[in-house]
Amino acid sequence: MTTNSDLDQIVEQYLSRLKVALADLPAERRQQLIDSITDHISEARVALSANSEVAIRDILDRVGQPADIAAEALTVQAPPPLSRASSTRRATIAVIAIVVVALLVFGGLLVSRSNNGIRSTTTSTVTSVSMVVVPDVVRLTLGAAQAELQAVDLLIGQVFISACAGSPGPPGVVTSQAPVGGSSSAKGSQIRLTVTSSKSCP
Amino acid sequence: MRRGAIEYCVLALLRDRDMYGFELTRALSTAGGLVASEGTVYPLLTRIRQDGLVETFWEPSPQGPPRRYYRLTNDGRLALATFRAQWREFRDTVDAIVKGSDE
Numbered sequence: 001m002t003t004n005s006d007l008d009q010i011v012e013q014y015l016s017r018l019k020v021a022l023a024d025l026p027a028e029r030r031q032q033l034i035d036s037i038t039d040h041i042s043e044a045r046v047a048l049s050a051n052s053e054v055a056i057r058d059i060l061d062r063v064g065q066p067a068d069i070a071a072e073a074l075t076v077q078a079p080p081p082l083s084r085a086s087s088t089r090r091a092t093i094a095v096i097a098i099v100v101v102a103l104l105v106f107g108g109l110l111v112s113r114s115n116n117g118i119r120s121t122t123t124s125t126v127t128s129v130s131m132v133v134v135p136d137v138v139r140l141t142l143g144a145a146q147a148e149l150q151a152v153d154l155l156i157g158q159v160f161i162s163a164c165a166g167s168p169g170p171p172g173v174v175t176s177q178a179p180v181g182g183s184s185s186a187k188g189s190q191i192r193l194t195v196t197s198s199k200s201c202p
Numbered sequence: 001m002r003r004g005a006i007e008y009c010v011l012a013l014l015r016d017r018d019m020y021g022f023e024l025t026r027a028l029s030t031a032g033g034l035v036a037s038e039g040t041v042y043p044l045l046t047r048i049r050q051d052g053l054v055e056t057f058w059e060p061s062p063q064g065p066p067r068r069y070y071r072l073t074n075d076g077r078l079a080l081a082t083f084r085a086q087w088r089e090f091r092d093t094v095d096a097i098v099k100g101s102d103e
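The listed protein sequences correspond, in order, to chains W and D.
Oh and the first sequence: position 109 is 109 in the working numbering, straight run, nothing missing.
Oh and the second sequence: position 61 is 61 in the working numbering, straight run, nothing missing.
Think of the hints as simulated: they come from the structure by calculation, not from any bench.
Every residue, glycine too, gets a C-beta built ideally from N, C-alpha and C.
Heads up, some of the hints might be wrong.
A few chain D residues that face chain W, going by a derived Cβ cut-off under 7 Å, partial list only [claimed, not checked]:
#1 Glu38
#2 Thr40
#3 Thr56
#4 Phe57
#5 Trp58
#6 Pro60
#7 Pro62
#8 Gln63
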C-alpha cells in the first residue's frame, strides 16, 4: 500500500532529477521553470479521483523526461530576446538604411564600370561563384537578420518597410524575405526584406 | 518548424479566453502529435512572455495553489493574425507540391 507521503516522494524525486537536468539554465529561469512544473503537477493531482502510484507516474510521464524539458529550455533560450526599445529599433533601421544606400551606390558603380568595357570578365566569374543556403530570417529583428545573412556571406538588399505597425506583428521585425529561407543563392548576393514599421496604424 | 507552429497554437488557444499553465499544456498535449510532453511547453511559454506576445497574472484556485494565467497581448493578436495568413500560404504551397508528386 502506497501512502500519500510515498507519492509525494515520487514527485520530489522527479523534481530533483529535473533540477539536475536544468543545471545549465540561469538560476532565475531554472527556478521559474521548476515552479511552473511543480504547480502543474499539483493541479494534475487535484484533478485525480484517487491518488494512486500509477496515477502519479502517469502524470509525471505526461510532464515528460527532464532531459527533454532541459533540451527545450536550452534551445528556446538561445536566441536573444527581441529588443523592445524603440530607439534601438530606429537606430537599427537607420543603420540598415545606410547599408542599403551604400549597396545601391556600390551597385551603381559596378554597373557603370561594366558599361565602360569590363563586361567580358563577368561570364567567367559567374561560373565560379559558390552557392550558399539562404537562412530563414523571418521574425528576426533587422539587426539579427543582418548578422544571420552576413554569417553566410549574403547581403541585405532592398528593405521594404510596411506602412504601419498594425500589419503584421511587432515593429522592426522581418515579415518576409526574397529569396526565401532554404533556397540557395550565390555568395555575396542580396536578400530583399520586408520589415514592420514602428508607426502605429491610423 | 514544429516549435514555431506550437507557439502560435498557444496564441490561438488564448484567443478566446485566458488559461492557466496546466490547462494550456493539457490542451496542447491532448491535441496529439504536437508536443513531446506537457513539460516542454513551459520553456516556450516563458519565451513568448519575454517576447511580449502573452502576459501573465495570478488568480486564486478553488483547490490547490494560485494559478498563473496567460493572456494574449495586442502584439500577440497581431502575431497570430500574421501567422495565420503566412501559414495558409505555406500550407497551400506545400500541399500543391506534395500532391503533385503523388500523381
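Consistency of the hints with the structure:
Residue-level restraint check for glutamate 38(D) holds (minimum Cβ-Cβ distance to chain W is 5 Å; threshold 7 Å). Below 7 Å, beta-carbon pairs count as interface contacts, and threonine 40(D) has one with chain W at about 4 Å; its hint therefore holds. With a least beta-carbon distance of about 10 Å to chain W, the hint placing threonine 56(D) at the interface is violated under the 7 Å criterion. Look at phenylalanine 57(D): its Cβ only gets to about 14 Å from chain W, farther than 7 Å, so that hint breaks.
Hint status for tryptophan 58(D): violated, given a least beta-carbon distance of 11 Å to chain W, over 7 Å. Below 7 Å, beta-carbon pairs count as interface contacts, and proline 60(D) has none with chain W, the closest being about 13 Å; its hint is therefore violated. Checking proline 62(D) against chain W: minimum C-beta separation of about 9 Å lies over 7 Å; hint violated. Annotation: interface hint on glutamine 63(D) holds; nearest CB of chain W at approximately 5 Å, less than 7 Å.
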